[in-house]
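A.B. asks: The primary structure of each chain is shown beneath.
Number of protein chains: 2
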Amino acid sequence: MSSLTMNSNNPVLTMDKINNNLVKMEYAVRGPIPTRAVELIEELKNGAEKPFDEVIRANIGDCHMMGETPITFIRQVLSASLFPKTALADPKLPNDVKERIQLLLSSCGGQSVGAYSDSAGVEIIRRHVAEYIEQRDGCPSDWRNIILTSGASEGVKLMFTLINSASTDNIQTGVMVPIPQYPLYSATCSELGMYLISYYLDEENEWALDIAELQRALDESKSKCKPKAIVVINPGNPTGAVLTKENIAQIIRFARDNNLLIIADEVYQHNIWKEGAQFYSFKKIMKEIDIRLELVSLMSASKGYMGECGLRGGYMEIDNFEPDVKAVLFKQISARLCSALIGQFAIDCVVRPPQQGEPSYELHQKEKETVLASLKGRAELTTRTLNSLPGVRSNPVAGAMYAFPRIQIPNKAVEEAEKLGQKPDFFYCKQLLEETGICLVPGSGFGQIPGTYHFRTTILPQPELFSRMMNKLQKFHLKFLEQYK
Amino acid sequence: MSSLTMNSNNPVLTMDKINNNLVKMEYAVRGPIPTRAVELIEELKNGAEKPFDEVIRANIGDCHMMGETPITFIRQVLSASLFPKTALADPKLPNDVKERIQLLLSSCGGQSVGAYSDSAGVEIIRRHVAEYIEQRDGCPSDWRNIILTSGASEGVKLMFTLINSASTDNIQTGVMVPIPQYPLYSATCSELGMYLISYYLDEENEWALDIAELQRALDESKSKCKPKAIVVINPGNPTGAVLTKENIAQIIRFARDNNLLIIADEVYQHNIWKEGAQFYSFKKIMKEIDIRLELVSLMSASKGYMGECGLRGGYMEIDNFEPDVKAVLFKQISARLCSALIGQFAIDCVVRPPQQGEPSYELHQKEKETVLASLKGRAELTTRTLNSLPGVRSNPVAGAMYAFPRIQIPNKAVEEAEKLGQKPDFFYCKQLLEETGICLVPGSGFGQIPGTYHFRTTILPQPELFSRMMNKLQKFHLKFLEQYK
Numbered sequence: 001m002s003s004l005t006m007n008s009n010n011p012v013l014t015m016d017k018i019n020n021n022l023v024k025m026e027y028a029v030r031g032p033i034p035t036r037a038v039e040l041i042e043e044l045k046n047g048a049e050k051p052f053d054e055v056i057r058a059n060i061g062d063c064h065m066m067g068e069t070p071i072t073f074i075r076q077v078l079s080a081s082l083f084p085k086t087a088l089a090d091p092k093l094p095n096d097v098k099e100r101i102q103l104l105l106s107s108c109g110g111q112s113v114g115a116y117s118d119s120a121g122v123e124i125i126r127r128h129v130a131e132y133i134e135q136r137d138g139c140p141s142d143w144r145n146i147i148l149t150s151g152a153s154e155g156v157k158l159m160f161t162l163i164n165s166a167s168t169d170n171i172q173t174g175v176m177v178p179i180p181q182y183p184l185y186s187a188t189c190s191e192l193g194m195y196l197i198s199y200y201l202d203e204e205n206e207w208a209l210d211i212a213e214l215q216r217a218l219d220e221s222k223s224k225c226k227p228k229a230i231v232v233i234n235p236g237n238p239t240g241a242v243l244t245k246e247n248i249a250q251i252i253r254f255a256r257d258n259n260l261l262i263i264a265d266e267v268y269q270h271n272i273w274k275e276g277a278q279f280y281s282f283k284k285i286m287k288e289i290d291i292r293l294e295l296v297s298l299m300s301a302s303k304g305y306m307g308e309c310g311l312r313g314g315y316m317e318i319d320n321f322e323p324d325v326k327a328v329l330f331k332q333i334s335a336r337l338c339s340a341l342i343g344q345f346a347i348d349c350v351v352r353p354p355q356q357g358e359p360s361y362e363l364h365q366k367e368k369e370t371v372l373a374s375l376k377g378r379a380e381l382t383t384r385t386l387n388s389l390p391g392v393r394s395n396p397v398a399g400a401m402y403a404f405p406r407i408q409i410p411n412k413a414v415e416e417a418e419k420l421g422q423k424p425d426f427f428y429c430k431q432l433l434e435e436t437g438i439c440l441v442p443g444s445g446f447g448q449i450p451g452t453y454h455f456r457t458t459i460l461p462q463p464e465l466f467s468r469m470m471n472k473l474q475k476f477h478l479k480f481l482e483q484y485k
Numbered sequence: 001m002s003s004l005t006m007n008s009n010n011p012v013l014t015m016d017k018i019n020n021n022l023v024k025m026e027y028a029v030r031g032p033i034p035t036r037a038v039e040l041i042e043e044l045k046n047g048a049e050k051p052f053d054e055v056i057r058a059n060i061g062d063c064h065m066m067g068e069t070p071i072t073f074i075r076q077v078l079s080a081s082l083f084p085k086t087a088l089a090d091p092k093l094p095n096d097v098k099e100r101i102q103l104l105l106s107s108c109g110g111q112s113v114g115a116y117s118d119s120a121g122v123e124i125i126r127r128h129v130a131e132y133i134e135q136r137d138g139c140p141s142d143w144r145n146i147i148l149t150s151g152a153s154e155g156v157k158l159m160f161t162l163i164n165s166a167s168t169d170n171i172q173t174g175v176m177v178p179i180p181q182y183p184l185y186s187a188t189c190s191e192l193g194m195y196l197i198s199y200y201l202d203e204e205n206e207w208a209l210d211i212a213e214l215q216r217a218l219d220e221s222k223s224k225c226k227p228k229a230i231v232v233i234n235p236g237n238p239t240g241a242v243l244t245k246e247n248i249a250q251i252i253r254f255a256r257d258n259n260l261l262i263i264a265d266e267v268y269q270h271n272i273w274k275e276g277a278q279f280y281s282f283k284k285i286m287k288e289i290d291i292r293l294e295l296v297s298l299m300s301a302s303k304g305y306m307g308e309c310g311l312r313g314g315y316m317e318i319d320n321f322e323p324d325v326k327a328v329l330f331k332q333i334s335a336r337l338c339s340a341l342i343g344q345f346a347i348d349c350v351v352r353p354p355q356q357g358e359p360s361y362e363l364h365q366k367e368k369e370t371v372l373a374s375l376k377g378r379a380e381l382t383t384r385t386l387n388s389l390p391g392v393r394s395n396p397v398a399g400a401m402y403a404f405p406r407i408q409i410p411n412k413a414v415e416e417a418e419k420l421g422q423k424p425d426f427f428y429c430k431q432l433l434e435e436t437g438i439c440l441v442p443g444s445g446f447g448q449i450p451g452t453y454h455f456r457t458t459i460l461p462q463p464e465l466f467s468r469m470m471n472k473l474q475k476f477h478l479k480f481l482e483q484y485k
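Protein chains in written order, with full-length UniProt numbering: chain U, 1 to 485; chain W, 1 to 485.
Isolated chain U (complex conformation) (with noise of 0.2 Å):
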């Protein structure tokens, strides 16, 4: 290990001395194809000759990336923070935002978001949280449960820290996820070195959890790892999916009868789209059944209707928890001080719209209203498009911001993918973008039953764009098939 004959030549940090789980990890959201996608385009910035003329971004859940315009009142509130004494002077801001700045801006530490907060976040956001979820369940939330993540992301990465008790018990603790997944669930167990249970969504039930699936991957997970939480993601996170009740219901119960940690992905809990479907949280529908587990439910400032990803903002609410185990929780989170201050804001915001009667009510309904119908009818026309393509089957895309199609690629294909080391769907993808410019994520990034095949695509790009979007990938699909037939 250490000479003093050792020179700068030799590295510490070699691929086979660093950490093998980060080694091992996979991200396939930001994985090689949205990787040439950014090339691509620096490509035809630089004049080179393509097929196309645009790179269409459908890869990432990312709204404002794809020209969705921010709503006003949010940025109103998070801009003053930052500048207070011009903003409440200034009379052209409306009243409300300039009330909602003094009382945030109370709460804070020096009365600025340049001060750390709680490591929880500021006390009143999290109040205000606690009453958001209390008007949107119709039961209690106490705002001690409520932590202010770095997005919804850093809430899955605290719990499954937590959780994780392999240095302990020196067996690898195992989390449910299900199939397909976002991939950060499987990213995060990877890194955590914690066992990924796999339970496959079933597709040919718009995407809905089958008891007897969670129970299969349940069983067979316990000769190795011991079995801790269910991640549910709904609405559905590649898959487009809404969750009945009765599904939720179903879930509770076997999280309750298999002794189970329920984590509930919330995040697109705004973005509902098909007739008859509606959100309905775990927490709700728990208190309905009387059943009273451990459970945390995340939610972001990134999706819904303000889609504001780059202010990294989010909430977890912890319900049921041992006091002790909460504390421990508080004390992880105080190692990274707090999360972002204008995050936080964003996300007070966002559980505290303007009221009926102020001044910023009408502006902001009619900026969210619109925000939300034009996704849900490029929701729909992405179904629409997606099943009118001959050997493509999509389940309608009931809500969140994804398209989850199984795609039929003929035998030629597989054969000419495998020549080239190539999974199937990426192939495909890997062609649609090179040859139209769009940049979508194929299915094996998020998991699919072996020998079936997807790719996910967003339904963000504005919608013009989003018509020619579905046009070039009509015309490459049938080429595509005309080719390899």
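Hint data in this document are derived by calculation from the structure and do not stem from the laboratory. Treat each hint with caution, since some may be false.
[Unchecked claim] Selected chain U positions facing chain W (Cβ under 8 Å, derived; list incomplete):
| hint | residue |
| --- | --- |
| 1 | Asn10 |
| 2 | Asn19 |
| 3 | Ile60 |
| 4 | Met65 |
| 5 | Gln76 |
| 6 | Ser79 |
| 7 | Leu82 |
| 8 | Ser106 |
| 9 | Ala115 |
| 10 | Ala212 |
| 11 | Arg216 |
| 12 | Ala217 |
| 13 | Gly310 |
| 14 | Ala335 |
[What the hints assert, rightly or not] Just some of the chain U residues that point at chain W, by a computed CB distance under 7 Å:
| hint | residue |
| --- | --- |
| 15 | Val12 |
| 16 | Lys17 |
| 17 | Ser388 |
Just so you know, even glycine gets a beta-carbon here, dropped at the ideal spot from N, CA and C.
Put chain W on the given structure of chain U with help from the hints.
C.D. replies: Then chain W, alone, in the frame of chain U:
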């Protein structure tokens, strides 16, 4: 594990079933004393009778909380970036602010701070960071080695996670950390199950690093862990020391001879107070003595003259990493998507302040110099006051924002503390808090040579309050000595 008879009274998460690394972890900066201080503030607010009428929070490096005024240019840029249309039309907003937000936003997805950036941060900001380093050190910096982080804390955690190879080799990965240290390092070691190799700073020599002591610590650790890195905090937290060029060169040679990665926490690089002291980056000295090692340098928007803790902006530069290891690091950061854009923009303002001739230049210079001069005055006052107290000896506060004086605690007080199950320095700080409202952190939270006692105080309360605090501390200290003599 699972049974149909289990019910909701059977918690999944109990102290013996969660991550024991977190159970064991300590984080003193937000430990019981600061927690008690917050309670006292509340009690005072509710009219409780106390021997003081204000709580003085000198426990945390939170400039804005302690009344420091934000820098206008930074706040103008950030505020405007959230509402660019209005800002660009505002005749009162300086042109260089407008140019800056146009430049930065043009590098953001959808020209919005609401879009995700690349995982490593907005490209133009990374380029600006590299330019800043080049100018500071007079040696090249590659923008592709810059990662924008959510404060320096995130950088530390990312790097510790990367080098932690225990899952492969079943031996704890060791990191050399100074004692006294900023507890983020020990907390991160605990959380990740890494081995903390404590090396004592040389209090008799203005907290310099003594190479023989480094060697002792390293040699003793080798039977227990695989040493892989050395952390150096310069300027020092909690010591307030500034390392000499010669000392830095010695440390670099030590790291080379012992095959260690250097993690240089250089977040206080703008905070130099002592006549003759100067900040030298490890990068610069490495270049000067012509040694090429793997190096990580951490920087933050939270300290310096800006003190923007709540925005969570920071960067790390990695030097001389193997390309495949660097690729793993970049994959690692991709799963957390990106750091907060507002924090990234803050870093841009720090590394690229207004230049001579630009409209914001003069005000910016004035504000910066005012803050730094005021801090310098408080640094000097701190050194003077502390050394005037019997039984207290403090090295000069040469840099950073802290003093870490050694205090003689009378035997009777030590015995009294032991009776209460408290460490003597904790006992001292607790008494101080309850009697005067001054909140400091006991030395045991940072580590100290056994049998010696210290506390850490920040120099951040504004001048008038600071003088008041020094007076109160003086009185308390004399009374304490009298009481336990």
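A.B. asks: Could you run down the list of hints and mark each one as holding or not?
C.D. replies: Now the hints, each set against the structure:
Annotation: interface hint on Asn10 of chain U holds; nearest CB of chain W at approximately 6 Å, less than 8 Å. Contact between Asn19 of chain U and chain W, as hinted, is supported at the beta carbon level, the nearest pair being about 5 Å apart and thus within 8 Å. The restraint placing Ile60 of chain U at the interface with chain W holds, with a minimum CB-CB distance near 7 Å, inside the 8 Å limit. With a cut of 8 Å, the hint placing Met65 of chain U at the interface with chain W holds, because the nearest CB-to-CB distance is about 3 Å.
The interface hint given for Gln76 of chain U holds, since its Cβ lies 7 Å from the closest Cβ of chain W, which is under the 8 Å cut-off. Interface hint at Ser79 of chain U: satisfied, since its Cβ lies 4 Å from the closest Cβ of chain W, which is below the 8 Å cut-off. Given hint, Leu82 of chain U at the interface with chain W, holds; its Cβ is 4 Å from that chain's nearest Cβ, closer than 8 Å. A distance limit of 8 Å between C-beta atoms decides the matter here; for Ser106 of chain U the minimum to chain W is near 13 Å, and the interface restraint is violated.
With 8 Å as the threshold, the beta carbon of Ala115 of chain U comes within range of chain W, its nearest partner Cβ sitting at about 4 Å, so the hint holds. A distance limit of 8 Å between C-beta atoms decides the matter here; for Ala212 of chain U the minimum to chain W is near 15 Å, and the interface restraint is violated. Contact between Arg216 of chain U and chain W, as hinted, is not supported at the beta carbon level, the nearest pair being about 13 Å apart and thus beyond 8 Å. Hint on Ala217 of chain U is violated. Least Cβ distance to chain W is approximately 12 Å, over the 8 Å limit.
The criterion of a C-beta within 8 Å of any C-beta in chain W is met by Gly310 of chain U, whose closest approach is roughly 4 Å, and the hint holds. Interface hint at Ala335 of chain U: satisfied, since its Cβ lies 4 Å from the closest Cβ of chain W, which is below the 8 Å cut-off. Hint status for Val12 of chain U: holds, given a least beta-carbon distance of 5 Å to chain W, under 7 Å. With 7 Å as the threshold, the beta carbon of Lys17 of chain U comes within range of chain W, its nearest partner Cβ sitting at about 6 Å, so the hint holds.
About 29 Å separates the beta-carbon of Ser388 of chain U from the nearest beta-carbon of chain W, more than 7 Å, and the hint is not met.
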